[in-house]
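> Chain residues, written in single-letter form:
Protein chains: 2
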Amino acid sequence: MSARILDGEAFASQIHQQTTRRVQALHKLGLTPSLVFIRVGEDPASRAYVSRKEKRAAEVGISSRTLVFPENTSLPSLLREIDALNADPKVHGILIQSPLPKSLPNNLVYARVSPDKDVDGFHPVNFGKLLLDDPSGFLPCTPAGILEILRLGQIPTAGKHAVVVGRGQIVGRPLSVLLARKSPGADCTVTLAHSSTRDLPAITRQADILVGAMGRPHFLKPEHIRPGATVIDVGVNRISDSSDSRGYRLVGDVDSESVRMVAGAITPNPGGVGPMTIALLLSNTLRAAESSIS
Amino acid sequence: MSARILDGEAFASQIHQQTTRRVQALHKLGLTPSLVFIRVGEDPASRAYVSRKEKRAAEVGISSRTLVFPENTSLPSLLREIDALNADPKVHGILIQSPLPKSLPNNLVYARVSPDKDVDGFHPVNFGKLLLDDPSGFLPCTPAGILEILRLGQIPTAGKHAVVVGRGQIVGRPLSVLLARKSPGADCTVTLAHSSTRDLPAITRQADILVGAMGRPHFLKPEHIRPGATVIDVGVNRISDSSDSRGYRLVGDVDSESVRMVAGAITPNPGGVGPMTIALLLSNTLRAAESSIS
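Note that the protein sequences, when read in sequence, are chains A and B.
Quick note, the first sequence lines up with residues 37 to 330 if you use the numbering used here.
Quick note, the second sequence lines up with residues 37 to 330 if you use the numbering used here.
These are computed hints drawn from the structure, not numbers from a lab.
Some hints could be false.
Heads up, the list lumps identical chains together, so a pair's fine if it works in one copy or across two of them.
Simulated crosslink set (SDA-like; lysine to any residue; CA at most 20 Å straight-line) [stated by the list, open to error]: (1) Lys218 x Asn143; (2) Lys138 x Pro171; (3) Lys218 x Leu236.
Please build the complete structure, drawing on both the sequences and the hints.
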């Protein structure tokens, strides 16, 4: 028996529809939600990500534009631009596309975005509100998108054991906090495992919900999976592939072909977590625009 | 065989000695670290906690004073006072003694303290820096004190399984994040368990390091303990006791009399986590004073 597919594209469409309706309500009030992307350098993957987000934004009625800085841009000029966007009442959301060049102090740049325009949820204040369970903050889009996959996929969470593999600051760590919250769609016992974890299969086989977020291609195999578990595949890893025109293809952290014979439900990758991340980015932007008039 | 005692009073003395030396170095520069306590209402336990902290502060050479507000104080008058302390360069640390009256919006009051004077580590920015692994923030004193107990007690942590029972925002949740960090004195696989966890003994018996932080008197019993585990007892619970002049006594979350026959090491309670919380408060205050001149 093969696992049920948790179709991230279909779930994202549901969220986009809700976003579109609420954006249209704002249009009637004369307000168009607006999102500005900042991209530094010409990394092809970053270009592709930004243009995909711009396309989706247009589809739901959110206006967007992208500011491109050269790879060797100076910190002051980047911060000056962020300050100007923070001060511009017509701009509701600001997204700094990662990765930034290593030459820039990344945390300093992300923290410069005003917390109420930080629709990516990367500002320390928004991470702090996450840890404090304060709903006034923006949640980081990928962890929030994973909670929505569980909700829309009707996966029970309360009292279940969730195991998150990978302690990155963008996904694993905040997701482990969110899954343990005492609230609907969460309330899990949560284990955060990582590269120092011993006997990983013994840990992951306890999972009713297993999240692979460590960035290691096809690492999670059937031996890691409790039969019937829900498996969420977050990783996006390049592996070389001479049959692909780019010379590589993208694969997840889960060896899905074998794992789907054991799991109860699984996200495809691509087509699982990725589309949900964009859906949550746009609903965060909508919320930022709504807050600007209240 | 009875568990080794992790003597929080002795560890706290070690930290106080270090703090004292560094405070004396500041005195020589003409700077006396200064801490202001804000207490609202006349809860006897709060009065006792504040006066114990004041006494310790004096012992290490930190000057302190306490501002007392009536139980029915208005929010604006409280915020006005916090603003004045934030603006006063002679004040390095501000601690709002919890609990605050329920009539006040607690999070709003805590968030009013300037993050660089928030020696309690309760400001959203400091919680955010904790989650982001940014060392420029102040860590909340009880979780940080527990990490110090493990360090000074020479308890190995890397690759060990830590189970934290209790998801409160002051101890359980931030501690679970800190224990999973990729850094010396942490690097644990971490499970956060709580009131919705099923078959708790099966979870807690996996723990090399078990932390009771749920606030239920004598809840953790030998059946919850893996033989040889390190047990940290955070809870402070009142149970009625007619033989005590107050009519109650304070007990921990761990049934220590029976658990110490199974555990490998255990914190007494009182005399374990409590003194370390104060030690970390004072070392945070010292750091705030040191930062004020750099």
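> Each hint needs a verdict: does it hold in this structure or not?
Going down the list of hints, with the structure as the test:
no.: 1; hint: Lys218 x Asn143; verdict: between (29 Å within a copy, 18 Å between copies)
no.: 2; hint: Lys138 x Pro171; verdict: between (32 Å within a copy, 19 Å between copies)
no.: 3; hint: Lys218 x Leu236; verdict: between (27 Å within a copy, 17 Å between copies)
Checked against the numbered hints listed earlier, the structure breaks none of them; every hint is satisfied.
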